[in-house]
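Chains as they are written, first to last, in this note's numbering: chain L, 1 to 276; chain A, 1 to 316.
FYI, nobody ran anything at the bench for these hints, they're computed from the structure.
All C-beta atoms in this analysis are idealised placements derived from N, C-alpha and C, irrespective of residue type, glycine included.
Hints may contain errors.
Computed footprint of chain L on chain A; a stretch qualifies when at least three of its residues, placed anywhere within it, have a C-beta under 8 Å from a C-beta of chain L [as the list claims (entries may be wrong)]:
1. 122 to 132
2. 242 to 250
3. 253 to 262
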Amino acid sequence: MNELQKKNLSNNLLTVTAWVCACLMFFPIFWMVLTSFKTELQAIAVPPKLVFKPTLENFFLIQERTSYTRYAWSSIVTSVGGTLLAMLIAIPAAYAMAFHPGRQTKGILLWMLSTKMLPAVGVLMPVYLICQKFGLLDTKIALVVIFALINLPIIMMMLFNYFREIPGEILEAARMDGATVGREVTQIVMPLSRGGIASTVLLSIVLLWNESFWSLNLTSSDAGTLVALVASFSSPEGLFWAKVSAVSTLACAPIVVLGWLTQKQLVQGLSFGAIK
Amino acid sequence: MSNPDSSETTARTTPGNFKSAVTGLSDRAIAWIFVAPTIFLLLAVNIFPLIWTIVLSFTNYRVNRPNRDVEWVGLKNYQRILTDNGTWETMQATAHFLIWTIVLQVLIGFALAYLINKKFKGNDLWTTIIVLPMMLSPAVVGTFWTFLYQPQIGLFNYLVTFFTGADPASFSMIGDKHLAPWSIIIADTWMWTPFVMLICLAGLRSIPDSIYEAAECDRASRWRQFWTITFPLVLPFLMLAVLFRGIENFKMFDLVVQLTGGGPGNTTTLTSIDLKREAFEKWRTGQSSAYAVVLFVTVFGLASIYVKALNKVKDR
Numbered sequence: 001m002n003e004l005q006k007k008n009l010s011n012n013l014l015t016v017t018a019w020v021c022a023c024l025m026f027f028p029i030f031w032m033v034l035t036s037f038k039t040e041l042q043a044i045a046v047p048p049k050l051v052f053k054p055t056l057e058n059f060f061l062i063q064e065r066t067s068y069t070r071y072a073w074s075s076i077v078t079s080v081g082g083t084l085l086a087m088l089i090a091i092p093a094a095y096a097m098a099f100h101p102g103r104q105t106k107g108i109l110l111w112m113l114s115t116k117m118l119p120a121v122g123v124l125m126p127v128y129l130i131c132q133k134f135g136l137l138d139t140k141i142a143l144v145v146i147f148a149l150i151n152l153p154i155i156m157m158m159l160f161n162y163f164r165e166i167p168g169e170i171l172e173a174a175r176m177d178g179a180t181v182g183r184e185v186t187q188i189v190m191p192l193s194r195g196g197i198a199s200t201v202l203l204s205i206v207l208l209w210n211e212s213f214w215s216l217n218l219t220s221s222d223a224g225t226l227v228a229l230v231a232s233f234s235s236p237e238g239l240f241w242a243k244v245s246a247v248s249t250l251a252c253a254p255i256v257v258l259g260w261l262t263q264k265q266l267v268q269g270l271s272f273g274a275i276k
Numbered sequence: 001m002s003n004p005d006s007s008e009t010t011a012r013t014t015p016g017n018f019k020s021a022v023t024g025l026s027d028r029a030i031a032w033i034f035v036a037p038t039i040f041l042l043l044a045v046n047i048f049p050l051i052w053t054i055v056l057s058f059t060n061y062r063v064n065r066p067n068r069d070v071e072w073v074g075l076k077n078y079q080r081i082l083t084d085n086g087t088w089e090t091m092q093a094t095a096h097f098l099i100w101t102i103v104l105q106v107l108i109g110f111a112l113a114y115l116i117n118k119k120f121k122g123n124d125l126w127t128t129i130i131v132l133p134m135m136l137s138p139a140v141v142g143t144f145w146t147f148l149y150q151p152q153i154g155l156f157n158y159l160v161t162f163f164t165g166a167d168p169a170s171f172s173m174i175g176d177k178h179l180a181p182w183s184i185i186i187a188d189t190w191m192w193t194p195f196v197m198l199i200c201l202a203g204l205r206s207i208p209d210s211i212y213e214a215a216e217c218d219r220a221s222r223w224r225q226f227w228t229i230t231f232p233l234v235l236p237f238l239m240l241a242v243l244f245r246g247i248e249n250f251k252m253f254d255l256v257v258q259l260t261g262g263g264p265g266n267t268t269t270l271t272s273i274d275l276k277r278e279a280f281e282k283w284r285t286g287q288s289s290a291y292a293v294v295l296f297v298t299v300f301g302l303a304s305i306y307v308k309a310l311n312k313v314k315d316r
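With the rest of the complex left out, here is chain L (with noise of 0.2 Å):
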């Protein structure tokens, strides 16, 4: 075997590798995607059926029962509600951090990351016993507000880096011909970090649908996320196999499209900057 022939045979041997990889980690969620189209008896088949006919009943099935749209509505509304909010309080912050850094800036915000280091279960009674002193507890305005402060380090963080790029000239030149502060902000640094704050938005979003610790806890059936409609097939109706996939598929499906254009950050996101 000559040099190129061993080359060759290395690539074809990493790219395979790779693929059986790629096809491990994907299998089940193949086969959750693949359950929620089939009925409940072959769901259940042993062994596990990969032809079949398929069916949407399971869908129409969870529509009717337990009112999908209502939960997918509040997780829309309490993940998009979440990040705006986060964005209006970081957007501000992160410009004055990248801008007019002072000896302490740093500081700041590795502390902001490290409060992400608390179990949330700790503070859990404190925030439980606020709710309820409130009459917040089950609503979708406390998810929000909550979301929005879990998230906020990570946003911050982001939006920093993302703002450290802008030349400091081009704010020098706009202060120079008489821009406020204000203009700066939403007329030079947000349209030069479209992009940034863009994936930023999308990465918090993503989050915020996943997060299921607050949700769980907080919620019940008035504001309830379709993560908690999925934990709660879990247990009553454990036996459905076929519709717990249904469900899972419905709540994964959105965010997992979102995901996709957000992938480099989310991996960013996860490990909080230290991963470009």
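Once you've looked at the hints, dock chain A against the given chain L.
What follows is chain A alone, placed relative to chain L:
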């Protein structure tokens, strides 16, 4: 900017301090005004409940009996938590879960990243597929893996049977007290190995080819190249991955609640689940607050020791 003529002249006559002349505030002040809401809110959502938790941990307060007099009990809650056998069982379960998920994810993640280090056909599509599991909600993953783990009908049991010949109804991953801890480890590993792998890939791809070429010239063996070049340069990335997975899995709640609910017995009751039970099922508010404080101290202690080590490796 809308009327450039006038503002240009103003800017020329009052260089530099134009803005402060208009707003009456210095840059630093404006910066602080902008940052203040974020800091205040984070304080409100993190530090305030934390202080509340610490205060409660020294009392005998119970949420379900709000009218009873609250008494200071000193360190009694801490004493009770730390001498309770259940707590230690939970800690052991958590340690078992933490150690094995980290070991498996790092080993598999790094091995795969090492194999797939170079770009190949369909690299982008491949990344898209590989990150799918971590884009799902932990609660959904937990719910769905319950189905895969069902004895008799579950896909997981079917595959194990297929390869080993065991009876598919003879074992239940989530019903057996020896297998249940592994069921949560496997599900978590499935979900997060891609994340560790992507971090390792980022590390591997950051090593310039020229280093390997130089090693090739010096006739260093593949084995030697791995231990003297690849491994030390990827180590900081690996350690970061361990840190993230460690912190995340110490907080682990939703996936395990959905998958096993902490059972059978207490075999998969991780600290977060145990803490929630103390607080919301047994309603021992004071005691559960002490528990939370113990957890906070543990996490921060371990994490800060680890970050020190990480920085040492990075600086090397």
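Kindly indicate which numbered hints from before are broken by the structure, ordering the numbers from low to high. none
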